[in-house]
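**Q** One letter stands for each residue in the lines below.
Number of protein chains: 2
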Amino acid sequence: MESIKNIISCSKERMKNKIVTFSKFGDTGNGGITRLALSKPDLQAREEFCKRMKTLGAKIVTDDMANMYATFEGSENLPHIAMGSHCDSVVKGGNYDGILGVMSAMEVAETIVREKIPHRHPITVMIWTNEEGARFDPAMMSSGVITGKFDKAKMLASKDTEGMTFGEALEVSGYKGDKKNRINAKDYKALLELHVEQGPVLDDAKINIGVVEGVVGMVNYEFEFTGQAGHAGTVPQKNRKDALLAASEAIQYLHKELDKLDSKLVYTTGRINCSPNVHTIIPGDVKFTLDARHQDPEVIKQVVYIIKNIPSELAKCKVEYRELWSRETVSFNKELVDLVEKNASLYGYSNMRMYSGPGHDAQYASDMLPVTMIFVPSIGGHSHCEIEKTSLDDCLKGANVLLQTVLDIDKK
Amino acid sequence: MESIKNIISCSKERMKNKIVTFSKFGDTGNGGITRLALSKPDLQAREEFCKRMKTLGAKIVTDDMANMYATFEGSENLPHIAMGSHCDSVVKGGNYDGILGVMSAMEVAETIVREKIPHRHPITVMIWTNEEGARFDPAMMSSGVITGKFDKAKMLASKDTEGMTFGEALEVSGYKGDKKNRINAKDYKALLELHVEQGPVLDDAKINIGVVEGVVGMVNYEFEFTGQAGHAGTVPQKNRKDALLAASEAIQYLHKELDKLDSKLVYTTGRINCSPNVHTIIPGDVKFTLDARHQDPEVIKQVVYIIKNIPSELAKCKVEYRELWSRETVSFNKELVDLVEKNASLYGYSNMRMYSGPGHDAQYASDMLPVTMIFVPSIGGHSHCEIEKTSLDDCLKGANVLLQTVLDIDKK
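Note that the protein sequences, when read in sequence, are chains A and B. Each residue of the first sequence is one higher than the one before, counting from 1 in UniProt numbering. Each residue of the second sequence is one higher than the one before, counting from 1 in UniProt numbering.
If you're looking for bench data, these hints aren't it; they were derived computationally from the structure. Being a predicted model, the structure only gives us computed values, none of them experimental. Among the clues, some could well be false.
[Stated by the list, open to error] Over the 10 Å line for every Cβ pair with chain B, so calculated as not near, a few chain A residues:
#, residue
1, S11
2, R14
3, S39
4, S75
5, P79
6, S158
7, D178
8, I307
9, Y321
10, Y349
11, R353
12, D408
[To be verified] Chain A regions said to be covered by chain B (calculated; three or more residues, Cβ under 8 Å):
#, stretch
13, 229-238
14, 260-266
No residue lacks a Cβ here, since even glycine has one placed at the ideal position from N, Cα and C.
With the sequences and hints as input, model every part of the structure.
**A** What follows is the structure, given as structure tokens:
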């Protein structure tokens, strides 16, 4: 085993400087950021990215979805090794989700350049556009378009709350480039994405590095309860068809049944909409969503079985359900996963294999080339909120594992 | 007992004509209307009211809240007998709520004028401004201001969704008049309001006339459940504090406990708001309202006892509740209630005594002068919706009872 003393490391000071700098772009004043895709703060972050990468000698191109590629030439004519993530955030998000993957990739490149580490392959630092989907629905828009999951014309027509389309935002951003610059299977050898876990598992277990084996499969259903709206003061209780009562019974049913399944199953009834939602009117129609995720397709099948066995009537209301979408479990490239695990151990960092619950651009990209991810702990499991944080030490550890993995891939 | 043959009756044809005419103002094209307070359709309805009342010889004034008073002189210098209701509606409301009370009062006046029925007191047909509160919160705004329940300055500042204040809408309406014209205890002897029941009780029992004894007391509480938002894909189930799960448990608790109380109790959890309300995020905060109504204050006390005994924690979330408002049971003038009952029977109309669940301007006005109400059936109990309907026969029956009651009061 190589000794840790001889292994190159990224710079803690430079990492800190990147975190402090990028935290300014979209600063909410409460410790977090709002940096929606192609908004002014997003463009400021991209400009800073360009400035820093160009200073280090990178050549920068963008593709037709404004994904950015800052490339450092290799010594041979070989496909690129890419690493990166996104720099957009949700409204009142934190300073780590997405951008940490960009900053660690920048720091890895900076370490390679400053330490003059020889590499045969071109090394590319990437920014994905509109991963969050917080301004323009859906999430993971650009990787979805590149891998053919989303129709580009529909995506260009996706509107923000002001009525501006993604296509219009692209045009005025100054970052719209050529389709031929898209990451692809021929010109790229691998893609690595470092990301915060966004959950409490690593932090609870005091583990530094999550070796991500893939992204769990999921189903997303919408339930609808149809009753009869009526005036709160006039309709006798026995005559009512209260859709919110029905929905609350359904939530109880789902928890009771789903809690019997594997303990690694996560499921969420995150969105509820009640109509007409007036305090003096009996709810006539209520909808809520159910999101369920597990790495084992068998468990997801059991979830669907439970969904399909919900009573067709609750509280005298009609019960309906429909699948909004689903995804199969995505498994990352086994060789790359092994490399990440080896390198975490090489540095002496505690690590564990795990699946990602959230989706990431890496998951779509893994359809076309070898991909894996590296997770670092989210303190308290907080994410998509202003208190989201990863310790500087853990950020550095993640960057080091990323660096070593890039260098390993370069040798192959 | 007087014979029905000798009793004067309103005109079915004229009643029908009024219903058809007023249904045009704010017509949604789907059988209903949207006629928000002081909106263009509301002003059209007011103009039609003026035209018809002036043709019959009324003198029209408005007060500082744009309430309208069309007065037919009496033979003696006595206080007015008033009748009326409101002509605004909720969004996508029906053609009867409110406006039927105005149209029947118009028809009663028209019958008195055309049949040359002598009357000692001046007879006034009224329109209340902004009863629904659908454009400018709160409901029953004008009667609330006149009876000192609401602060006028605050009401003038109430904004619609476009940002226009009630005060601005008043100014441009052309119907803002003098404060001295307000209905008051000195110049008015009684106020009668005919209204649709807005519930299914009369229609279910096939009864023509509701003899309204008062308005039930009510409490309105808001419950809040504070958990911890988190990503749907990352937080293990056992670590979650899901505020929607807590809310659904609370809804079950309330139904279980409140269903043990008197069967005339009506209660509604009509509004629920979930934050952040995103399908991929565990609900961190959920609020819902509870509206409970009963004519017996003891039953309302039992409701409050149940509310206060809700567990302080459900599904590991903090449970809080707060009273948004309450009202005591309002009892209408006993003598007027008796007159309505006598007159319904006089015409041979089936009738029953009942309490109103919804609030009405009459309820606030009953603080200052003798007031009662007459209910007519809502087909299917539907109200505040486009299919709201009362049969023409029932509309006429209500108008006849109103007419006879006005004439009875005039004799006293």
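**Q** Let me make sure I understand: some of the numbered hints might not hold for this structure. Which ones are they, in numerical order?
**A** Of the numbered hints, all hold.
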